[in-house]
Amino acid sequence: MLARLGTLAWLASTGMGVGCAPILRAPEFVGAQDRSTEASLLGPFDGQVIDATTSEPISGATLIAMWTYDEGRGPAGAAGSHVETFVTDAAGRYKIPAHKPQPRRAGQDLTRLVAFDLVVYKRGYVGYRSDVEFEGRPRHDFVQRHNRVALRKWRETDSHATHLAFLRPPAELHKLVAWEREAANEALYRSQTTAAPATGDAARPDATDAPPDGKDPKTVLGLLDAAPLLPPDEVKRRTGYAGEFALKDLGDLTRTHFYHGLHLQAVDRGEDWDVAIRVWKNPPAGLDSVEQTFEATLPDVEPTAELTERTWIYDSEDVRAVAFLDAERSIGVLLTCGGSQCVDIETAMILAKFVFNHLDRLSENP
Amino acid sequence: MRALMPWTSSRRLCAWLLGLCVVAGSDSAHAWDPVETHPAMVHDAVLQSSLHRRWMEASGQTFGIFTAVRLDPHALPEAIVRDLQAALEAAPANAGIGALGGFGACPGPSAPPATQLRCIAGDQWEASVLAWIKLGVTLEHTPRVRLLHHFVDRSDPRAMTWADPELPASTLRLLARRAGMPLASAVNRTGFDGRAASAAAWLRDPEDPWAPAAMRQHLQKAMTDPDPSVREHELVLGLLGMGALLHVIQDLGVPAHARGDLTAFLSPLSPLEGDFGLPLQEFARVYYGQHALPRPLPLGARPPVALPPTSLEAIAFAEDAAVQGLATFTASRFFSESSLPKPKAVDPRLSPQAAAAVFLGAETRLLPAETEGAVLHPWPAPRGYLETARGRPLAAFETNDAGQITLFLDEVVYRDQALHLVPRSVEASLAVLDLLFPSAPPFTLDRAGQRLSLDLTGNRSVSRVTLQREDAHGVRTTLRVLQLPAEQRLEIVDLGLPSTEDPIVLLFEGVDPDGLPWAATAVQRPAVEDAAASKVPVPTPTRDTPAAKDPPPEVPEDPAEASGPQGEELEPDEPPAAEPTSSGETPQP
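Residue numbers (the working numbering), protein chains in the order written: chain A, 112 to 477; chain B, 10 to 598.
The set of hints was computed from the structure by calculation and includes no laboratory data.
Check each hint, because a few of them may be wrong.
To be verified - Not the full set, but computed from the structure, chain B residues with beta-carbon under 7 Å of chain A:
id : residue
1  : V44
2  : M65
3  : A95
4  : A99
5  : P101
6  : T147
7  : H150
8  : R153
9  : F274
What the hints assert, rightly or not - Which bits of chain B does chain A cover? Going by a derived footprint, with three or more residues having C-beta under 8 Å, they are:
id : stretch
10 : 56-64
11 : 67-79
Backbone N, C-alpha and C fix where the C-beta goes; we use that ideal spot for every residue, glycine too.
Using the sequences provided together with the hints, build the complete structure.
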């Protein structure tokens with residue numbers, strides 16, 4: 112019945128509506144910092160581009176404004192972007208007039224304006240996107256009016272591969288970024304061949320995040336070492352396991368100065384005897400990103416105050432998991448334990464408590 | 010770490026909830042969003058694949074996914090040019106999809122510099138490798154009637170056609186007409202009339218210019234043609250086909266596609282007239298955008314087993330319990346809106362498990378692993394969830410005053426589906442990329458000793474290897490063509506190669522498990538060569554480890570095998586063998 116009602120409603124919209132304006136989706140940004148100005152994907156937009164360090168205005172920066180459409184009642188497809196290019200003036204300012212959507216052409220299906228994106232590019236600086244930050248965090252500070260674009264100066268340790276993957280340069284930037292292509296190829300190749308896993312994580316901004324002094328994080332900051340938090344013998348004492356563990360790094364995420372995943376693989380046993388621990392310390396994207404990871408990993412698990420103020424406990428027959436955030440020390444831990452090694456959730460909690468009580472053992476290895 | 014659920018903007022959430030309020034309890038549907046989610050999945054898959062690494066190693070570090078490559082429209086049939094122009098017009102620029110150049114992009118030489126920005130000499134189109142692949146994604150839904158071959162049959166995923174029994178044929182014709190089906194096809198009913206070619210059929214389609222068969226031909230030419238400009242042109246056509254293929258494969262990670270449920274696509278997204286679409290598509294677009302696709306960490310200590318890239322069929326439809334194809338996995342574990350069980354009256358005195366069992370008969374076509382131990386939770390209750398034994402929400406439920414229970418999909422269910430299916434779709438895309446750009450077999454080429462050692466014991470059948478010299482302009486000249494036995498290690502002596510300082514290209518060819526030709530190349534450069542001196546921006550995908558770094562092939566214990574059969578020499582212009590050569594056809598040493 113409901114299916115039939117839905118179909119009837121769809122059939123009732125058979126008028127092709129030639130000349131009608133597109134549907135406008137709600138924008139993801141607000142009108143202005145004070146949030147009192149109404150926002151619209153159509154614009155207008157204005158703001159200033161400045162140097163993040165000196166706050167000096169940046170003139171001659173290229174801005175690409177893109178209004179993107181989809182179309183279709185039923186199966187939807189992309190319907191193109193209206194793209195305009197602007198350049199900042201001597202005071203670093205830009206003004207982007209409001210977009211006037213084209214009425215639908217005869218025979219064209221219903222269209223929707225689904226996104227507005229702004230990309231800012233200036234050689235010598237890390238570029239800017241209105242929807243995401245270079246470090247991979249969603250951007251929440253883009254506003255329609257009086258926007259402030261603070262560009263950080265390019266560092267020698269920045270990766271051109273990360274930069275181009277982040278910018279997703281539209282065709283209008285194709286020639287401007289051409290000089291980066293060769294270096295980007297080399298950087299991506301280097302990250303794929305020198306990092307332990309070939310998962311592409313090294314190409315992600317968070318994995319190549321450079322320290323402020325511009326030195327190689329692997330030589331200056333060292334790699335986080337989670338091994339002292341959960342020695343195999345301590346696990347065996349608490350679970351009664353008589354076998355041996357092989358210690359390995361978890362290969363799905365790159366080990367960095369702020370992350371280490373350790374795999375205690377039970378020798379000659381199935382993975383239900385394995386234990387794994389993932390530790391984040393002072394992650395560049397903050398503990399919020401770790402919390403989001405926990406939520407994605409442990410769906411529908413509500414945090415409690417069991418171990419710390421934010422503790423997630425997951426219990427199933429195959430695997431048990433305890434995750435917690437220590438806000439004071441800026442540490443996040445996710446411990447997973449196979450169902451045979453941890454016969455109940457209490458055993459997993461005992462291991463998690465041991466880790467929590469020994470967080471001060473966390474160190475960096477060069 | 011990057012954020013996984015970036016919906017901190019209350020406006021964003023409200024926008025989604027508005028749609029959800031309208032669709033909750035009614036029909037809704039889902040596919041991946043063509044503006045943000047599909048391009049993002051392709052973007053991530055390409056960056057994570059070994060494609061870039063193989064190309065860089067084979068090209069002396071000169072060719073990778075950021076390299077700009079060109080396509081000559083003058084060398085294309087008119088219909089293909091029209092397809093490409095339509096796709097370029099529809100491409101979402103915010104996903105980095107687009108190309109410079111094309112007809113009319115170059116004004117006269119006296120025109121202001123600003124008007125020359127889109128100009129590429131010779132009316133050619135130019136974009137990066139990554140952008141061409143993503144343009145293929147747009148190409149695959151331009152016109153949108155192409156989306157009809159992104160579905161599979163409800164009862165037999167491998168069937169060549171599919172149908173949606175929920176909708177009358179007239180509605181389906183109208184829908185197809187709106188999606189760009191030619192009027193003539195609608196009038197004479199040769200187009201979609203309730204039954205259409207399935208994704209399984211498209212994977213084997215010999216006619217569609219963007220289907221795998223044509224794509225493999227382009228990639229084959231991109232490897233084998235002696236002329237570097239032809240190789241580049243053919244490579245771009247192959248990349249476009251690859252993007253189209255990734256689009257189709259990724260859609261099989263959508264329950265409505267995997268369950269042949271087109272009805273699910275006619276759902277109101279907002280109160281606005283005509284605003285019909287796909288709620289999960291909208292969910293994924295709003296919640297994840299392009300930059301934060303879900304990447305759930307494995308709960309188990311060991312990483313999940315990756316799909317083995319054996320064939321496109323296997324990646325899409327394998328039914329092995331350990332390694333399910335994407336369509337099989339999706340259809341057997343997730344509901345789509347119109348394939349939900351019908352409303353039923355349920356006795357509230359039943360146990361939660363028995364109450365759930367009322368809905369979970371064989372007709373749901375879910376795996377027993379999903380249905381056994383499933384419960385209604387909480388129960389009895391006016392609303393809650395139909396959950397698996399592991400607590401995963403299969404559907405939401407609502408009880409009316411008469412005690413009748415209706416199942417539907419809501420935000421919690423969509424979130425669960427997206428968290429499982431988006432990463433799975435990216436994983437399948439990775440498998441496709443590794444399949445399409447295979448590594449060459451391990452080999453050692455000893456130029457001085459005129460000796461070639463090959464290890465052909467991998468799972469790919471190599472029917473022949475061609476040795477070519479590549480000059481400084483990238484032009485290749487065939488030196489030797491050797492017909493090879495399959496599944497063996499062998500050593501070929503007395504190659505008779507001329508003395509040259511040029512790189513030697515080894516071109517391996519064969520037929521893959523899909524019955525389609527494949528090729529892979531590896532380049533051996535003289536040790537003293539300055540790699541920068543012969544940079545030619547044409548990919549020559551090769552084995553993960555370049556030959557120079559390869560250890561010599563393992564010497565088998567069997568002396569007969571150790572010496573190995575000598576390859577059969579063919580005429581350089583002889584076409585590739587359609588089938589791998591049997592060992593009986595190969596001369597013995």
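Per-residue hint verdict: R153 (chain B), partner chain A, C-beta under 7 Å: 4 Å, holds
Hint status (Cβ of V44 (chain B) to nearest Cβ of chain A, threshold 7 Å): Hint holds; V44 (chain B) Cβ to chain A Cβ min 5 Å, cut 7 Å.
Let's test the interface hint: is any C-beta of chain A closer than 7 Å to that of F274 (chain B)? With a minimum Cβ separation of about 5 Å from chain A (threshold 7 Å), the hint on F274 (chain B) holds.
Classify the hint on H150 (chain B) as holds or violated, based on whether any CB of chain A lies nearer than 7 Å to its CB. 4 Å, holds
Holds or violated: A99 (chain B) as interface residue toward chain A, Cβ cutoff 7 Å? At about 5 Å, which falls below the 7 Å cut-off, the nearest Cβ of chain A leaves the hint on A99 (chain B) intact, so it holds.
Quick check: the stretch 67-79 of chain B, covered by chain A? Criterion 3+ residues, Cβ under 8 Å. Result for this restraint: holds, n = 8.
Can the hint on A95 (chain B) be confirmed by a CB-to-CB distance to chain A that is less than 7 Å? 10 Å, violated
Restraint satisfaction for M65 (chain B) [CB to CB of chain A, less than 7 Å]: 4 Å, holds
Would you check whether T147 (chain B) satisfies its interface hint, that is, whether its CB is within less than 7 Å of any CB in chain A? With Cβ-Cβ at 5 Å, under 7 Å, it holds.
Assertion that chain A covers the stretch 56-64 of chain B - criterion: three or more residues, beta-carbon distance below 8 Å: That given contact holds, which follows from 6 residues of the stretch 56-64 of chain B lying within Cβ reach (below 8 Å) of chain A.
Classify the hint on P101 (chain B) as holds or violated, based on whether any CB of chain A lies nearer than 7 Å to its CB. 5 Å, holds
Checked against the numbered hints above, the structure breaks only hint 3 and satisfies the rest.
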